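These protein sequence lines map, in sequence, to chains A and B.
According to the working numbering, the first sequence is numbered sequentially starting from 144.
According to the working numbering, the second sequence is numbered sequentially starting from 144.
Simulated from the structure, these hints should not be mistaken for lab results.
Among the clues, some could well be false.
What the hints assert, rightly or not - No farther apart than 25 Å at their CA atoms in a straight line, the calculated lysine-lysine pairs in the DSS-like style are these:
1) A:K231 x A:K153
2) B:K311 x B:K284
3) A:K195 x A:K164
4) B:K311 x A:K195
5) B:K311 x A:K311
6) B:K164 x A:K290
7) A:K164 x B:K164
8) A:K295 x B:K164
9) A:K311 x B:K290
10) B:K164 x B:K207
11) A:K164 x A:K231
12) A:K164 x B:K290
13) B:K231 x B:K164
14) B:K164 x A:K311
15) B:K295 x B:K189
16) B:K207 x B:K231
17) A:K153 x A:K189
18) B:K231 x B:K295
19) A:K290 x A:K231
20) B:K164 x B:K295
21) A:K195 x A:K207
22) A:K195 x A:K231
23) B:K295 x B:K195
24) B:K153 x B:K231
25) A:K164 x B:K311
26) A:K164 x B:K231
27) B:K295 x B:K284
28) A:K164 x A:K153
29) B:K284 x B:K231
30) A:K231 x A:K295
31) B:K290 x B:K164
32) B:K311 x B:K290
33) B:K153 x B:K164
34) B:K311 x A:K189
35) A:K295 x B:K311
36) B:K295 x A:K311
37) B:K189 x B:K153
38) B:K189 x A:K311
All figures in this text were calculated on a predicted structure; none of them were measured in a lab.
Below are the chains, spelled out letter by letter.
Number of protein chains: 2
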Amino acid sequence: MIHNTLHNIKVVLASASPRRKQIFELLGINALIVPANVSEPITTEKPYIQVKAHALNKALAIAKFMDPATLVVGSDTIVAIDNQVLGKPATRRQATEHLQQLSGRTHNVYSAICIIYNNRRLVDYARTSVTFATLSESDIKNYLDTKEPFDKAGAYGVQGYGSQFIEKINGCYFNVMGFPVRLFHDMINEMFGESS
Amino acid sequence: MIHNTLHNIKVVLASASPRRKQIFELLGINALIVPANVSEPITTEKPYIQVKAHALNKALAIAKFMDPATLVVGSDTIVAIDNQVLGKPATRRQATEHLQQLSGRTHNVYSAICIIYNNRRLVDYARTSVTFATLSESDIKNYLDTKEPFDKAGAYGVQGYGSQFIEKINGCYFNVMGFPVRLFHDMINEMFGESS
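Work out the full structure: start from the sequences and follow the hints.
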């Protein structure tokens, strides 16, 4: 298990996300939390390329301060539909547009992880599809009133009020929370040479 | 949204599960928590029949003490593979057997909800499939050492160390946590006559 493999390794999580911090705690990983203030511009690149670049940039920004024998973990999550990345909505109007676009359809959530240890880097990502129920105008209005959409990529939070809009997901569900745990498990084993 | 519909309704959650309490908080539902001490024997009935009976029994056990205009919510979750329900393991040996049975395969998690309000009852369930990675002997040994499997149906916890064994899920992911939120949303709308 991950906490056994990392037992004698110093770990830094390059993220400000409370959700990722919580997942590390659930996994029994004792990590120093160091938010990486890296801007994450939305471009016209494919979503998986963007998300991998963000995770790499976060990990690199922190790793340059660290002892090379410290494991640095960077991660990023984006929401995409029709190959277009939906960012955090700046206004009520933009949040409404995002939610109208997601309503009654299936979109993709991409989360990437980058780990750096002794100058060796691994970067990978996972994709999960998420199917939204059809939202009425009052669903959207009431959801905006909760304020939850405004700091969330794609204008919804899977762990809060937004959960009631989600009909099903297909793939890693920790991915949708922002950190694909099984992928991380496999990357740690690759980096530290465990067989399973 | 659920919290709007239930705004002026007294709600009782008939469950001792910290996870369900947490989901109610995430949904902004202010509920009185009243654990129902109902035994949940494993029978040879189909899993969906068993889980619905458990949810109904929990809700009934609490509803008989309540004002009829109080909404009572009962819920139960079971893990099944090959149409056999896996209970909470009593011993290390039994936990090992459960995990060997789940290893490298897809099983089903069933969660049922029963709501009772003004003597009207609704009972329904959701099923989610969960695909486990292949576990080595040392994976299982190390996982047992965390003690996590012992109070969990099926001998794993989706929200803890067990998360790293899960390759993917298909369906409602709150179901796997123990409370299918979208189903609850739809049942509340049916009970209280909202259109969406």
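Given the hint that K311 of chain B pairs with K195 of chain A, does the C-alpha gap stay at or below 25 Å? holds (20 Å)
Would the hint linking K164 of chain A and K311 of chain B be met if the CA-CA limit is 25 Å? Answer holds: K164 of chain A to K311 of chain B is near 21 Å, not above 25 Å.
Run the distance test for K311 of chain B versus K189 of chain A: straight-line Cα separation, threshold 25 Å. holds (23 Å)
Please verify whether K195 of chain A and K207 of chain A have alpha carbons no more than 25 Å apart. holds (18 Å)
Given the hinted pair K164 of chain B and K207 of chain B, is their Cα-Cα distance within 25 Å? holds (21 Å)
Is it true that the CA of K153 of chain B sits at most 25 Å from the CA of K231 of chain B? With a Cα-Cα distance of about 33 Å, the restraint between K153 of chain B and K231 of chain B is violated, given a limit of 25 Å.
Pairwise hint evaluation, K231 of chain A against K195 of chain A, where the allowed Cα distance is 25 Å at most: holds (18 Å)
Restraint check for K284 of chain B with K231 of chain B, where alpha carbons must lie at most 25 Å apart: Judged against 25 Å, a Cα distance of about 17 Å means the pair holds.
25 Å limit on alpha-carbon distance, applied to hinted pair K295 of chain A and K311 of chain B: holds (23 Å)
K231 of chain B and K295 of chain B were given as a pair; does the straight-line alpha-carbon distance stay at or below 25 Å? Between K231 of chain B and K295 of chain B the Cα gap is close to 5 Å, so the pair holds against 25 Å.
Holds or violated: are the alpha carbons of K153 of chain B and K164 of chain B at most 25 Å from each other? Judged against 25 Å, a Cα distance of about 15 Å means the pair holds.
Does K164 of chain B pair with K311 of chain A here, judged by a C-alpha cut-off of 25 Å? holds (21 Å)
Consistency note: the structure conflicts with the earlier hints numbered 1, 9, 16, 17, 24, 26 and 37.
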